[in-house]
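Student: Listed here are the chains, written in short residue letters.
Protein chains: 2
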Amino acid sequence: MPIPEEKQNKERRQRLMDCALDLFIEKGYFNTAIRDIIVKSGYGTGTFYNYFIDKEDILKALLEDFAEQIISGFSEYWTIEKDLYKRFIETKRVTMEIFAKSERLSEIYSRVAGASDPIDQCIKQFEDKLIDFYSNNIEYGIQKGVFDDVPVPPLAHAILATEKFLLYKWVVLRTISKQEMIEMVVSFHETLAKGLLKSK
Amino acid sequence: MPIPEEKQNKERRQRLMDCALDLFIEKGYFNTAIRDIIVKSGYGTGTFYNYFIDKEDILKALLEDFAEQIISGFSEYWTIEKDLYKRFIETKRVTMEIFAKSERLSEIYSRVAGASDPIDQCIKQFEDKLIDFYSNNIEYGIQKGVFDDVPVPPLAHAILATEKFLLYKWVVLRTISKQEMIEMVVSFHETLAKGLLKSK
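Chains as they are written, first to last, in the working numbering: chain A, 97 to 296; chain B, 97 to 296.
Just so you know, the hints here were simulated from the structure itself, not pulled from any lab data.
Values in this document were obtained by computation on a predicted structure and should not be read as measured data.
One should not assume that every hint holds.
Any copy, or any two copies together, can satisfy a pair, since identical chains are not distinguished.
Listed below are the simulated PhoX-like cross-link pairs for lysine-lysine, each with C-alpha atoms no more than 20 angstroms apart in a straight line [stated by the list, open to error]:
no.: 1; residue 1: K290; residue 2: K182
no.: 2; residue 1: K220; residue 2: K274
no.: 3; residue 1: K240; residue 2: K182
no.: 4; residue 1: K294; residue 2: K178
no.: 5; residue 1: K225; residue 2: K156
no.: 6; residue 1: K220; residue 2: K156
no.: 7; residue 1: K156; residue 2: K106
no.: 8; residue 1: K240; residue 2: K178
no.: 9; residue 1: K178; residue 2: K290
no.: 10; residue 1: K274; residue 2: K197
Isolated chain A (complex conformation):
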């Protein structure tokens, strides 16, 4: 059962999340025990369990915050650029900049996938949030008559998949630079957007 938010102190919650992220990066997610997070935070054991149920729960919270950051960065740009075609492409630059700025969260996201069912569920929740958001944006373009009326879920999945894969190549494999990652995502969106544009 989720813990009611009104019982929580935001700063304490954030501190526990920061300590967890530090440890996940330093020792790896699987080698970090809840005990380590508690010791690092300087709080008592009871405090931890006022905020989180278990280790997956703190990973879930980290990824939820991350999804919010990505969506709000996107939404800010959204209010500036009104050309839907340009917006479709340029918002991707913004999205990838946020992934790049949150390098440690990006690394955790890239490394833990597929490791266990509870983790897959955390990742799924994070990804579904982004896929829904991407779907809504494409649907908006279709409603406005700018984009062709094509099936949206395959495109929203392909967008997230491409971001995820190129993020992994940058943050885990280190075979491409941050700038290459961003440019590749943008370049892919240029071709995809051209395919989406309503045939005249």
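Since the structure of chain A is already known, use the hints to place chain B on it.
Tutor: This is chain B only, laid out in the frame that chain A set:
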């Protein structure tokens, strides 16, 4: 140092690979020891090491064979369909059918990524092979004047990323069916191909 192929007996090698794949599915890659593979195969320890250096080496061999299967399935279709636009889309159905038919290899591929550096290297080799192949196909369309002269690597990466992500949703998360996976990959390629087609 790789083991010279002329020293090897193909059937024995295949049997070791089949036993390894059975065990990777049954117990998980990480919980399978080389000892388990040897016992299951009925061969002596020395035989195993005539063929493979370590566990990653057998995973690498499984993935190499898998990449060959995918590429040759693709190439067969290639000789039938001459329309480059249709071919770009319909080969994806063929590719995803091969992924689907090799469900166990697909599952291993989807589950082990990101787990350790040597495994990441095996996966990278498998993926680079497919990305190169996809790149060559797009470049062929550009040379023939059918596709626009756009940067190819971002598209080849996006194609593999989308296949990988939807494969994972089918074979690990089981949130989409095999048929949905195939249709989503094909549908994405329809929009992408439209974006690739040379502007008239």
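Student: Hints first: check each against the structure and report whether it holds.
Tutor: Right, here's what the structure says about each hint:
| no. | hint | in the structure |
| --- | --- | --- |
| 1 | K290 / K182 | both (11 angstroms within a copy, 18 angstroms between copies) |
| 2 | K220 / K274 | between (25 angstroms within a copy, 18 angstroms between copies) |
| 3 | K240 / K182 | within (14 angstroms within a copy, 29 angstroms between copies) |
| 4 | K294 / K178 | within (17 angstroms within a copy, 27 angstroms between copies) |
| 5 | K225 / K156 | within (12 angstroms within a copy, 34 angstroms between copies) |
| 6 | K220 / K156 | within (10 angstroms within a copy, 28 angstroms between copies) |
| 7 | K156 / K106 | within (16 angstroms within a copy, 47 angstroms between copies) |
| 8 | K240 / K178 | within (12 angstroms within a copy, 36 angstroms between copies) |
| 9 | K178 / K290 | within (17 angstroms within a copy, 24 angstroms between copies) |
| 10 | K274 / K197 | within (10 angstroms within a copy, 36 angstroms between copies) |
Hint compliance for this structure: every hint is met.
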